[in-house]
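K.L.:
Heads up: the sequence lines are chains A and P, in that order.
First residue of the first sequence: 57, per my numbering; consecutive thereafter.
First residue of the second sequence: 583, per my numbering; consecutive thereafter.
What the hints contain is simulated information worked out from the structure, not anything from laboratory work.
Be a bit skeptical, because a hint or two may be false.
[To be verified] Straight-line alpha carbon distances no greater than 27 angstroms define the calculated BS3-like cross-link-like pairs of lysine-lysine that follow: (1) P:Lys1043 / A:Lys123; (2) A:Lys414 / P:Lys787; (3) P:Lys1043 / A:Lys328; (4) A:Lys321 / P:Lys970; (5) A:Lys403 / P:Lys746; (6) A:Lys161 / P:Lys595; (7) P:Lys828 / A:Lys350; (8) A:Lys350 / P:Lys787; (9) A:Lys321 / P:Lys831; (10) P:Lys970 / A:Lys350; (11) A:Lys160 / P:Lys595; (12) P:Lys740 / P:Lys828; (13) A:Lys123 / P:Lys667; (14) P:Lys1043 / A:Lys321.
[What the hints assert, rightly or not] Partial list, computed: chain P residues near chain A (C-beta under 10 angstroms): (15) Ser626; (16) Asp643; (17) Ala659; (18) Ser784; (19) Gly833; (20) Asn980; (21) Lys995; (22) Leu999.
Idealized CB from N, CA, C, for every residue including glycine.
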Amino acid sequence: MKEIRFDIPTPSFPGGVIPEGVLTPEEIDLAVLTLNKALELGASQCRITASKSLMDLVATLNGEVDKVTHSMDRAMSIALFVDGKFGSFSTNRFLSSEMESFLKKAIDSVRMLAVDPCRTLPSPERTIKDASSSMSLGICDIEGNLSMTPEKRIETALGASGFARWASSPREGVTVLSEEGEFSRSIADILLIDSQGTVGRQTDTAFDYGTEVTLQVGEGKVSSYSWRSNPILSKFLESDIASCADEAFAKALEKAGAVAIPSGKYTMVVDKDCSSRLLSPVVNALSGSAVQQKNSFLMDALGKKVFSDKVTVSDCPRMQGQGGSRLFDSEGVVTRNETVIGNGTVKRYSVSTYIANKTGMAPSVDDVTRMVLTPVQIKEKPSTYIKVTGFNGGNCSPVTGDFSYGIEGFFIDGEKSVPVHGMLITGNMFTLWNNLLGAEDDSPEKALHKVGTLTFAGVDFSGE
Amino acid sequence: MIQPQQYYLDTFKVTVKDLEDIVGHALSGGGDWADLFFENSSFSDLFLRDGEVSSGGFHVDYGVGIRVLSGDRTGYAYTESTSPKDLRSAALAAATIGHGSVHIPSIASLEGGYVPRLYRGKPNPAADRYPIIRDWRNTSASEFVPVLESLRDKVMAKDPRIIKVSAILQTQVSDIMMFNSFSELKYDTRPMGTIAVSARFSDGKTTRSNHASRSFRMGAEMITDALLDELAAEVVRGMDDRFAAKRPKGGKMDVVMGSGASGILLHEAMGHAFEADFNRKGQSIFAESLGKKVCNENISIVDDGTIKYNRGSLNFDDEGVPAQRTYMVENGILTSFLHDRISARHYGIASTGNGRRESFRYNPIPRMRATYMESGNAAPSDIIASVKKGIYVDEFSNGQVKIGEGDFTFFVKSGHLIEDGHLTMPVSDINVIGNGPEALARIVAVGNDLKIDDGAWTCGKEQSAPVSCGIPTVLVKDLTVGGE
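For reference, chain A alone in the conformation it holds in the complex (with noise of 0.2 angstroms):
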């Protein structure tokens, strides 16, 4: 058997040193051994995935280093097709010698599955070949990773903390309970090769900082948190990580003396750093899984306007320097900026090889990477609703898309703001969804999914 040889893209590195957190080149070889001797030992098609990453992490509390993690991983998993018959393997040891007899007894445990032809690789027109997107995305600042030290990552930690300034100037009546704080540096290098000469690598980067807080106001006790991040250095310190502690610190304070207000239908207001819980059920219902599983409320919806026109979502994986883009999904296709919802009308589901095989659906990719709700300003801005800023709990049926869901926010009338908590609301997808009356174009950047402000009318709310 003729062995298969890969051109591996190779991001570039400072000083030409691998960084730690990135696959050597005996990690990347073992990777084409392993496919190499997959087909030598029976299989019929073989797919590897070779994953590293490493995270450094800082946590702090009260202003003090709490916790100082380093975590490196590594995973092989390879999907094998054998006879006709399908198994994925996965190991973390990196090790030719025990190689061999891994694939041996993973090849003789596919072979006692059922035969199922659908399982194959996806066509290989369709897929990456020679790409790396460490550089195209603009997600991978490897030379900030870099200069991230201990040290570094120490004094950026405590340097947000806002813990000593508010010892310092106590407000009347609010006790610091805790503050929590996490920075963390760290990198992602994945190598997807399969045997129809499929090529794919992803490295990049990512910055993190995240605090919570807890207050004591009064006889009840309130928390918040406030977060950052960008996959480059630079970017990440440009957005102000100093203020998180204290919008922490603001948001908690706000909810302070929350009740439940009377169980009724209000107008919905979503603040943009929770509006994507709304539209994941929707984007799940997508699936083409779900959808041949007969799990899916958006069965038999393709081509069918079942949302309001207001409703345009877009799959954009290929978005510049923002972190969660890529440019190929886990069979190794490649992505592109598609619409999956055009005013109200189902356009695409996400279908993998194996569920095209199976119902005839055209393949698209095996799921969305960032859902982007296109904004549409709301012609009457509602004086009298139901502000939501977070979500506590609750479910979305994937069958029938009902729904209910714990809320906290604010109950605006005018000028008047009166915190609650303790409240549900409850419904269904496609109300809720027609019922959209504006979106606003405020997504935070820090956010994969871009969805800003929205707007419902007529939402149940239980509370008193």
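Guided by the hints, dock chain P onto chain A, whose structure is given.
P.N.:
Coordinates of chain P only, in the frame set by chain A:
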């Protein structure tokens, strides 16, 4: 299962002297405690989909977590290799928490060692809570393909409205070895088997779904015909009601929680708030309630790591402390938080054996095991009969709590309205919300029918951990129920 000590040393290719050397490196930065957590886990899964068992696989995860404590502060690193070089490198990374470049405040206020008593002695196989008869690692996928097919047939035969059945068998066996700076060496082999089935039903107009699972710390001997019959019966149970279910009118009302899975109330509303890390940081709504009356004196709430074969049970927690049965609330008094070694030292007491972690990649934190309320005296039928207007709930999918405020929610998959003491209209897919201390104080009746739920419950506090829960039938006054 507890095997001879040498089995674990061989598995991880180290000697006791190596362990001492690594701990020495871990403490070289000035830390005052170090521990090592070795793990070799083998996972397997097998899926039935569209009528056939056509996919599956296995997975290996191997590594060592090294923790260094300096006062309450943690340095943590791990390696996926047990070579001396990699172990030393990880130990030195964790050691930075005690290094001069890290600002460590005075720990003079912290008295004594990390625990007032040590856990010496070798693990005792006679006290094993999950002896394995058939190790999953020595089985092959071929013998479980017919099991899932049989489960499919049993389910399909029960309801003509079924349009899809899917099922999964997941297994895990983990060899664990722990060593710390007290020279305590503990080891354990932890099995876990989970079998679950989902079904979609259609009456021609609407579609409904249901799910049932069982999970035990057992080997392959857990798979029996009786277990499959139990799962098949559960996944089709109450489907007539599911099709007829409506949303109730929302608002505050009395909630009767059926025995078993309703234990999610304890897990979310109380259990998390009793975990001592939240209390050590002053965040929990119960932080100042220790020793105080928090509910009716007929109520006792337990977190138990000792139930044989239970999903939440352990021989030792992930810090090498023997698992135990811990009363959190005894006769209405809050008697104990759930401790790991850090919080136990902070409070100057012994750990309750609740230090748990998802894997070697995580440092341990206080986590629940099997959390339940002991039985009371009331007959469940009398509890329902005592309610003029409310709901009865008995199946759940998920829950959540906000620790600071104590607000909790849980999602109800199925239940009924209660009108004048009788179960009437079926309800489904509603969230229930309340406040932990208030809800605990409003439990006014406790049934005599405690049941531990053996479903595949997983708690997601920072890390995943297998748990279980249980409760007798209870009546909680004035919870807010979602509705239209």
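K.L.:
Run through the hints listed earlier and report the numbers of any the structure violates, in increasing order.
P.N.:
10, 14, 22
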